[in-house]
Amino acid sequence: MLGTAFPDPSLTEEFETPSWDYFYQLCLELGEAVKKSGFKPEILLGISRGGLVPLRILNDVLPDATVATVRIEFYQDVAKTMQEPRITQQVSVDVKGKRVLVVDDVADTGKSLAVLKGDLEGKGSGELRIATVYYKPWSCVKPDYYVRRTEKWIIFPHERRETVFKLASSCLERGGSLDEMEEKLVHYGLEPLLVKRFLGEFLEEAVSRRGKGTG
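FYI, the working numbering numbers position 209 of the sequence shown as 209, with every residue one higher than the one before it.
Treat the hints loosely; a few may be bogus.
Stated by the list, open to error - Lysine-lysine pairs mimicking BS3-like chemistry, simulated, CA-CA at most 25 Å apart:
id: 1; residue 1: K212; residue 2: K184
id: 2; residue 1: K142; residue 2: K111
id: 3; residue 1: K96; residue 2: K111
Hints were generated in silico from the structure; no laboratory data involved.
Turn these sequences into a full structure, and let the hints steer you where they fit.
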């Protein structure tokens with residue numbers, strides 16, 4: 001999910017690294033929870049990008065609903081201070097009078113969910129509910145449906161490469177050790193070969209950018 005606070009490269013906190021199979025199972029459980037509640041959404045609205053994977057899986061469980069997307073992004077100033085979320089790609093369908101289920105991978109700060117909820121209500125949506133795979137207790141919005149509650153930083157299977165790149169960049173900026181970062185990520189469950197691959201790609205791109213900058 002966009003806009004969550006990125007972890008410190010010192011990696012002092014704990015990480016949760018669900019596998020593809022485990023994440024798929026969690027998404028199925030989330031869909032079943034919606035079904036058992038009796039709520040029948042007419043629209044499944046996935047928040048891009050984090051909500052796109054669970055959106056597709058929930059659509060298997062709730063096939064009668066129309067699939068739609070919306071993109072929400074956080075903007076940063078030059079000091080990299082987190083700003084408020086903005087909708088950068090509007091909801092792709094008309095929601096007026098429709099039962100809508102908002103889908104995302106995690107309710108972290110909850111700010112993007114709050115912004116979207118206000119936007120949908122302003123568009124005259126019908127009954128609105130929120131489903132996220134993970135829920136963090138400090139989120140300002142508590143989803144109607146979630147499968148796991150956690151306080152850990154989650155590295156989702158669909159964002160492994162992006163996360164390693166961002167961690168590596170932050171690590172180097174602060175004078176940290178990539179070897180220690182690699183060891184920590186493997187300790188928390190990331191596949192060693194993937195971590196090595198992504199770090200190798202990161203270093204190759206860094207060298208390439210440096211070469212272009214001095215060329």
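A quick look at each hint next to the structure:
1. For the proposed pair K212 and K184, the alpha carbon gap of about 32 Å is over 25 Å, so the pair is violated.
2. The hinted pair formed by K142 and K111 meets the criterion: a straight-line CA distance of about 11 Å does not exceed 25 Å.
3. For the proposed pair K96 and K111, the alpha carbon gap of about 23 Å is at most 25 Å, so the pair holds.
Hint compliance for this structure: hint 1 alone is broken.
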